[in-house]
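The listed protein sequences correspond, in order, to chains R and P. Going by the numbering used here, 106 is the number at position 106 of the first sequence; the sequence numbering is gapless. Going by the numbering used here, 210 is the number at position 210 of the second sequence; the sequence numbering is gapless.
If you are wondering where the hints come from, they were derived from the structure by calculation, not from laboratory data. Hints are supplied without guarantee of correctness; some may be wrong.
[Said to hold, decoys possible] Pair ranges (Cβ atoms, derived):
1. P:F229 - R:E6: 56 to 64 Å
2. P:W11 - R:Q99: 13 to 21 Å
3. R:A27 - P:V248: 32 to 40 Å
4. R:D46 - P:F179: 51 to 59 Å
5. P:V28 - R:W58: 42 to 50 Å
6. P:V248 - R:T79: 24 to 32 Å
7. P:F48 - R:T79: 41 to 49 Å
[Claimed, not checked] Keeping only pairs whose Cα atoms sit at most 27 Å apart, straight-line, the calculated DSS-like set for lysine-lysine is:
8. R:K123 - R:K249
9. P:K99 - R:K249
10. R:K280 - P:K99
11. R:K123 - P:K232
For glycine and all other residues, C-beta sits at the position ideal for the given N, C-alpha and C.
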Amino acid sequence: MILSRESRQGLTLISPPFLYAILMLAAPMVMVVTFSFWTQNYLDLDRTPTFANYREAWTGEIFRVLMLRSLMISFFVTTVTVLLAFPIAYFLSFHVKRQKALWLFLITIPFWTSYLLRIFLWKVILGYNGVLNSALMGLGLIDEPLDFILYNVPAVIITLAHAWAPFAILPIFVALERIDRSLLEAAEDLGDGPVRRFLRVTLPLAMPGVLASTLIVFIPTVGDFVTPRLVGGPDGVMIANLIQVYFSKANNAPLATALAVSSMLIVASISLVIFLIGRKIGGRTQ
Amino acid sequence: MNIGRFFSRNWLTGYAVVYMLVLYLPVVLLPLFAFNASTIIAFPLTGFTFEWFGVLFETNALHSAVQNSLVIAVITSILSTLLGTLGARAMVRYRFPLKRGIVSLIMVPLILPEIIVGVSLLVLLMQIGISLSIWTVIAGHVLICVPFSVAILSSAFQGLDPSLEEASMDLGETRFGTFRRVIMPLILPGIISSLLITFTISLDEFIIAFFLTGTDVTLPVYIWGQMRFPTKLPSVMALGTILLVLSVFLLVLGEVFRRRSASRQGQDASATGGLM
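Let's have the full structure, built from the sequences with the hints guiding it.
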């Protein structure tokens, strides 16, 4: 194939990061998939291809329970995060005039503090002698500390929703910034009230951003394993914890990779569905 | 409640203030407990002390973890900024076949769950027979840092006026000379901002380091180990406070450079910056 000069230069430039991604991402992925068809007995790795790991994963109750729970937690986290983020992004885009960069900077700052400590501090906030209980008791709203707010699924949801907030705000903000303000004036001139204008012009045009936020939050949260470990308690264990256990303590890497591949496929297909639905909604109204 | 009213200015400002307070809630607690005299991380606070910071100076395991993390973060930031510069330049300036696919592969670690990146690299290393060391952590960190670097630098390259390059070439500069004397000075703030941000990401990254670290643990892995021991927690809080101050300092510095880069190129500095 004969490439133009520009194509050749572009390909030459991009080849180092591309090769790095092939070597460190694509190759390991292929390895993981291959690995998931092998089996392990204690220290011996049996390289005969088999579906045994997948059979064990899919027929076992634990995978199903944890996968469903992880998906449910991620759905909740995504919904809460995106719904709470939208007004902030709207506020930044439409009401903040000069200090947009400063606001964005302030939003991102807390997320550059240690990830582990941030999660740990939620434990401090939600704990028995924690900030929330102390505050509620100080206000005289409760007499005894509440003990049902930590070590469960809601604690995981709160912590993850907090951790992913800026990732939800930024894409929506960018989409809102791109909206041509004259369209809003046109809608108003044509007799739309603020609510109709929002629902018929602003929201549909912001949909690509909402969609991006949804996926950016949904995909990584399914695979989190630190948050459930620290604040989830026994009922908050997620799929990544299971993968990690098979990897380290149970020393069954092939089964761990089969679990990882299965969850990746599930998450990828759900993301695809979300993407298609989102595009359809966005496409129809535009 | 009526949507129109909710989206009015006053309501939104109030909402934004509450939102920011919740966002900062954990961060504010960190120094609070770092200086709190009690060994238990809970309310009420008992008194002011520097003791926990003192403990940090006497813990040798911590010092080697800090050292490992710094080495990893420095090398990661340099390598990922190098790769990111090449990627961003190609992405912004050139059209070539398979561009979308290639760019997507480079950017995908941005949304992949880190456990997948960690696990898959670990499986590959196990198979090739490479033992875990700080280099394996660096390999993983570079992978997740390159997309950030590409994002930051592509906004720097986007602001570059192509006619400046053409002028330089017309005046007889070589391609390399043009890069060194014309492009480089203009994107330098973007490069510095990329170095600082990737440094900060690497310094704080836990999951990949957890899978790929050998006997030389990184700082977050060390912190994770300490979290099991309740008596160690106050000094972990002190450590976290130091890290917080350090990260904020580096980020403010990065932001200053990014803005300078934008203003040098005559762009609006209030754009979303390197993050999108």
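Right, here's what the structure says about each hint:
| no. | hint | in the structure |
| --- | --- | --- |
| 1 | P:F229 - R:E6: 56 to 64 Å | 59 Å, holds |
| 2 | P:W11 - R:Q99: 13 to 21 Å | 19 Å, holds |
| 3 | R:A27 - P:V248: 32 to 40 Å | 37 Å, holds |
| 4 | R:D46 - P:F179: 51 to 59 Å | 53 Å, holds |
| 5 | P:V28 - R:W58: 42 to 50 Å | 45 Å, holds |
| 6 | P:V248 - R:T79: 24 to 32 Å | 31 Å, holds |
| 7 | P:F48 - R:T79: 41 to 49 Å | 42 Å, holds |
| 8 | R:K123 - R:K249 | 25 Å, holds |
| 9 | P:K99 - R:K249 | 42 Å, violated |
| 10 | R:K280 - P:K99 | 26 Å, holds |
| 11 | R:K123 - P:K232 | 16 Å, holds |
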